[in-house]
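Given next are the chains, with one letter for each unit.
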Amino acid sequence: MIGIIDYGAGNIRSVGNALNRLGQPFFVSKDIAELQGATKLILPGVGEARSAMTSLGKIGILQWLTTVNVPFLGICIGMQILFEHSDERDTACLGIVPGRISRFDETKLKVPHIGWNQVNAKANNPLFNKIRDNEYFYFVHSFRAPVGPDTIGITQYGEAFSAAVQKQNFYGVQFHTEKSGAAGIQVMKNFIELC
Amino acid sequence: MLTKRIIPCLDVKDGRTVKGTKFVDLRDAGDPVDLASRYSDEGADELVFLDISASKEGRKTFFSVVERVARAIQIPFTVGGGISDVVDVLRALDAGADKVSLNTAIVEHPEFLFEASAAVGSQSLVAAIDAKRKGSGWCVWTKGGSEETDLDAVAWAQEAVRRGAGELLITSMDSDGMKEGYDLDLLRTISLCTSIPVIASGGAGTREHIRDAITIGRADAVLAASIFHYQQISIIDIKEFLQTNKIPVRL
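Chains as they are written, first to last, in this note's numbering: chain A, 1 to 195; chain B, 1 to 251.
Treat the hints as calculated values from the structure; they're not laboratory data.
Misleading hints may appear alongside valid ones.
[As the list claims (entries may be wrong)] Calculated pairs, DSS-like style, for lysine-lysine (alpha carbon to alpha carbon, straight line, at most 30 Å):
no., chain 1, residue 1, chain 2, residue 2
1, A, 130, B, 246
2, B, 246, A, 110
3, A, 122, B, 246
4, A, 110, B, 56
5, B, 143, A, 110
6, B, 143, B, 56
7, B, 179, A, 110
[What the hints assert, rightly or not] Simulated restraints, written as ranges between beta carbons of each label pair:
no., chain 1, residue 1, chain 2, residue 2, range
8, B, 236, A, 100, 38 to 44 Å
9, B, 150, A, 66, 43 to 49 Å
10, B, 180, A, 58, 36 to 42 Å
11, B, 206, A, 159, 46 to 52 Å
No experiment lies behind these values; they were computed from the predicted model shown.
In this text, a Cβ means the ideal position worked out from N, Cα and C, and glycines have one as well.
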């Protein structure tokens with residue numbers, strides 16, 4: 001069964017609602033023993049990197065997260081903390097994906113980046129199965145991930161940033177799949193069925 | 001490309017959608033969950049629900065509406081109306097809302113914005129400002145447009161950004177419900193002197209009004225109520241019109 005990691009993130013209910021819509025059984029837990037039994041894991045996220053890392057530390061799963069070998073999906077902050085470091089309150093992150101999270105340039109752009117923007121997805125990545133080219137997804141964030149070898153989706157806001165990444169079994173999306181209408185639901189379905 | 005957002009707004013009183021003119025004279029406009037689903041299907045980019053219930057019973061009903069909405073739709077939505085402390089903010093987000101809109105409480109207790117942004121982050125906080133023309137500027141009104149304050153709306157918008165707001169929802173009380181267009185001067189003035197997204201509100205009557213709020217008023221999103229409730233203009237019509245005017249929209 002799919003496990004949603006419960007570390008106090010604001011969008012757990014929305015992610016659960018989306019899974020319900022897909023008729024997909026899941027459990028929500030902060031207990032490492034229970035989470036170890038999940039066939040797939042989702043790390044939701046709203047808010048900022050430091051408090052996310054602190055909360056994950058408090059429930060005692062930081063070390064374990066880097067060793068997870070089932071398909072894993074990080075959403076928003078859940079994706080950002082897969083990287084090595086975030087400039088948001090100078091926070092050391094999980095280091096699964098190389099790179100550093102930094103803030104959008106406020107002198108040139110409105111920050112946060114809020115709204116529906118297009119994702120240019122890497123061809124044939126299972127996460128974007130049945131998703132049309134340059135589909136719109138919903139974003140809300142002030143910090144962004146660089147484009148690198150693990151990038152599987154690129155979005156433009158002032159410059160290109162990683163809207164989605166994959167490193168082995170670890171997937172991450174900056175946009176909110178649970179709030180991106182039919183396209184977002186399709187991405188969750190892809191994660192469940194194909195990843 | 002980041003698109004401009006079309007946001008239907010639902011005023012909710014005792015669990016029903018209502019809409020008035022210039023903040024009074026309320027008419028029933030349907031079940032909020034039905035309306036939310038309809039708007040989501042028709043291409044709304046986000047929704048806003050404002051609780052205008054006065055009673056405790058009405059407030060309780062409102063949170064159950066929020067939970068039902070969160071189960072029914074997969075687009076972001078904001079809730080507001082009477083949210084006055086961090087407990088209320090968390091309660092709204094726990095019920096499934098993505099953002100909260102804060103108005104009177106942050107005027108009366110500006111430190112509340114700091115506290116809320118520390119608790120949930122700026123991205124979930126919309127500072128709602130009800131502004132009315134006064135002299136050569138605009139002054140801030142609170143309590144659903146019933147009380148004048150001595151705050152200047154533009155200065156207060158800048159202050160709200162400093163205190164941790166992630167978006168500004170700017171309602172012109174002079175234009176609200178009149179369907180004669182948004183207050184473009186107000187929008188443009190605030191949009192040009194702040195660094196966060198601005199949502200235009202109050203006055204939409206035609207597609208041109210919405211276009212002008214974006215092109216002249218520099219709004220990042222436009223909110224409207226009555227033109228959608230009574231099906232005068234469809235969301236798709238507006239978006240196609242904006243697209244022919246070279247404004248990026250999600251279609």
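Right, here's what the structure says about each hint:
At roughly 28 Å between alpha-carbon atoms, residue 130(A) and residue 246(B) fall within 30 Å of each other, so this suggested pair holds. As the CA atoms of residue 246(B) and residue 110(A) are separated by approximately 20 Å, the hinted pair is consistent with the 30 Å bound. Only pairs whose Cα atoms come within 30 Å are accepted, and residue 122(A) paired with residue 246(B) is accepted, the gap being roughly 27 Å. Our distance criterion of 30 Å between C-alpha atoms is broken by residue 110(A) and residue 56(B), whose separation comes to about 38 Å.
The suggested pairing of residue 143(B) with residue 110(A) holds, with an alpha-carbon distance near 29 Å, which does not exceed 30 Å. Proximity of residue 143(B) to residue 56(B) is assessed by CA-CA distance (about 16 Å); at most 30 Å being required, the pair is judged to hold. As the CA atoms of residue 179(B) and residue 110(A) are separated by approximately 28 Å, the hinted pair is consistent with the 30 Å bound. Checking the proposed 38 to 44 Å range against residue 236(B) and residue 100(A) shows it holds: the Cβ atoms sit about 41 Å from each other.
A beta carbon spacing of about 55 Å between residue 150(B) and residue 66(A) contradicts the range 43 to 49 Å that was offered as a hint. About 54 Å separates the C-beta atoms of residue 180(B) and residue 58(A), a value inconsistent with the hinted range of 36 to 42 Å. A hinted range of 46 to 52 Å is violated for the C-beta pair residue 206(B) and residue 159(A), which are about 36 Å apart.
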